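A.B. asks: So the sequence lines, in the order shown, correspond to chains A and B.
Here the first sequence is numbered in the working numbering, starting from 1 and rising by one per residue.
Here the second sequence is numbered in the working numbering, starting from 1 and rising by one per residue.
No false leads were slipped in.
Using 25 Å as the maximum straight-line C-alpha spacing, the simulated SDA-like pairs for lysine to any residue come out as follows:
1. B:Lys24 x A:Glu137
2. B:Lys128 x A:Leu30
3. B:Lys3 x B:Leu30
4. B:Lys140 x B:Gly77
5. B:Lys24 x A:Ala69
6. A:Lys128 x B:Leu73
7. A:Lys140 x A:Ala38
8. A:Lys140 x B:Gly18
9. B:Lys24 x B:Gln71
10. B:Lys140 x B:Asp150
11. A:Lys3 x A:Asn85
12. B:Lys3 x B:Glu20
13. B:Lys140 x B:Gly41
14. B:Lys24 x B:Glu88
15. A:Lys24 x B:Trp48
16. B:Lys24 x A:Ala127
17. B:Lys3 x A:Pro132
18. A:Lys140 x B:Glu20
19. B:Lys24 x A:Leu30
20. B:Lys24 x B:Leu56
21. A:Lys24 x B:Gly126
22. B:Lys140 x B:Ala69
23. B:Lys24 x A:Thr155
24. B:Lys24 x B:Arg75
25. A:Lys140 x B:Glu13
26. A:Lys24 x B:Asn50
27. B:Lys3 x B:Val72
28. B:Lys24 x B:Trp48
29. B:Lys128 x A:Thr60
30. A:Lys128 x B:Lys24
31. A:Lys128 x B:Asp37
32. A:Lys3 x A:Val83
33. B:Lys24 x A:Gln131
34. A:Lys24 x A:Ala69
35. B:Lys24 x A:Trp74
36. A:Lys24 x B:Ser67
37. B:Lys24 x B:Gly61
Simulated restraints, written as ranges between beta carbons of each label pair:
38. B:Leu73 x A:Ser11: 20 to 30 Å
39. B:Gly149 x A:Glu103: 38 to 48 Å
40. A:Gln14 x B:Thr141: 21 to 31 Å
Calculated from the structure, these hints are not laboratory results.
Nothing here was measured: the structure is a model prediction, and the numbers come from that model.
Ideal Cβ positions, reconstructed from N, Cα and C, are used throughout, including at glycine.
2 protein chains.
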Amino acid sequence: MGKLEFASRTSVEQIEEGYELVPKFGPDGLMPCITSDASTGEVLMLGWMNTEALRLTIETGEAHYFSRARQVLWRKGATSGLVQNIVEARIDDDQDAIWLRVEVAGSGASCHVGYRSCFYRAVPLGAKAGQPLVYLEGDKTFDPGEVYGDVPNPTQI
Amino acid sequence: MGKLEFASRTSVEQIEEGYELVPKFGPDGLMPCITSDASTGEVLMLGWMNTEALRLTIETGEAHYFSRARQVLWRKGATSGLVQNIVEARIDDDQDAIWLRVEVAGSGASCHVGYRSCFYRAVPLGAKAGQPLVYLEGDKTFDPGEVYGDVPNPTQI
Numbered sequence: 001m002g003k004l005e006f007a008s009r010t011s012v013e014q015i016e017e018g019y020e021l022v023p024k025f026g027p028d029g030l031m032p033c034i035t036s037d038a039s040t041g042e043v044l045m046l047g048w049m050n051t052e053a054l055r056l057t058i059e060t061g062e063a064h065y066f067s068r069a070r071q072v073l074w075r076k077g078a079t080s081g082l083v084q085n086i087v088e089a090r091i092d093d094d095q096d097a098i099w100l101r102v103e104v105a106g107s108g109a110s111c112h113v114g115y116r117s118c119f120y121r122a123v124p125l126g127a128k129a130g131q132p133l134v135y136l137e138g139d140k141t142f143d144p145g146e147v148y149g150d151v152p153n154p155t156q157i
Numbered sequence: 001m002g003k004l005e006f007a008s009r010t011s012v013e014q015i016e017e018g019y020e021l022v023p024k025f026g027p028d029g030l031m032p033c034i035t036s037d038a039s040t041g042e043v044l045m046l047g048w049m050n051t052e053a054l055r056l057t058i059e060t061g062e063a064h065y066f067s068r069a070r071q072v073l074w075r076k077g078a079t080s081g082l083v084q085n086i087v088e089a090r091i092d093d094d095q096d097a098i099w100l101r102v103e104v105a106g107s108g109a110s111c112h113v114g115y116r117s118c119f120y121r122a123v124p125l126g127a128k129a130g131q132p133l134v135y136l137e138g139d140k141t142f143d144p145g146e147v148y149g150d151v152p153n154p155t156q157i
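Produce the entire structure from the sequences given, and follow the hints as far as they go.
C.D. replies: Structural data, given as C-alpha cells:
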C-alpha cells in the first residue's frame, strides 16, 4: 500500500464542506486527538498526533500518537498491551482536531496512572467552585509500576 | 463570590493523585477542551480555554472558550443562543485538558457550519484509507448565514 498523503488546504469551502481530508497541524506540528470508548461514549484521553501518527492511525486502524514528553511517535499499547482499535474516526469542521471511537484491548484502560479514563476526576462547578476534585472511578485497573517499570512518567510539572 | 484562583503545580503526585485543580496551559496560554453531549456521549466540539475562560466556565456552569481566530474570550451561545450548560466537568491526569459534558440550549447544535457536532464527517480507515470523507448527519440544523450574519468565519486555511 502506498503512503497516504494529505492534500493542501485551499479554501474554507474545501475544508468545511468537502470530502477530502486536509488536516491542519499547529505551530508545533501537532493536532489534538480525542479518544473515547466506542460503546460507552466515555472520553478516555486527549492525545496529540503529528502527520506520521495520523497517517499510521488511518492506515492501520490502531491509534498512534506523538508523545510530547518523550518527543517520539508512539503506538498506543506498545508497552502496556492496551492497544486502541478504532471503530470510527471523525475529523472536525476546520480539520484541526480528530475524534477516535475505540475498543481498548486487555483491561480496557487508557490512562498511565492506572485508571480506565484519564478523566477520572470531576471539577465542582458553580456554588461549589473551588472545592476539592471528586474521584469518579474506584480502584485503579492496573499497577503502573508493574506495567511501565522504569519508563519515565510523562506528566510534566 | 471571590474570583476562583488556581494553585501552583509542585509535584507529579499533586497533579495526578491530588484533590486540587492545578491546570496547565500551553505555550500559547491555552488548554484544549473536549465538549460532549451529556446524554448521547457524542463529541460536539474541541475548543480552547485560557485561564479566564476556564475560571468563568467553572464559576458559571456555562461553557466559555477562547477564540484563537478572533483572539477573544467567548461565551458559547452569545451570538447563536446555543448556550452549553455543563452537567459535569472533568480534568485529565496531568491536568492539561478538560472534558465538559453539556446540555445545549435551543436546537442542540454546537457547530458553526450548522451541524449538531463539529465532527460531522468520518475518515475511512485501513483498506479504505484515502477514500472520501463520509458525512454522518443529514441536513444542517440551522442556516449559518442567518444566525451569524456578517461575523467572520472562524475557520483558518
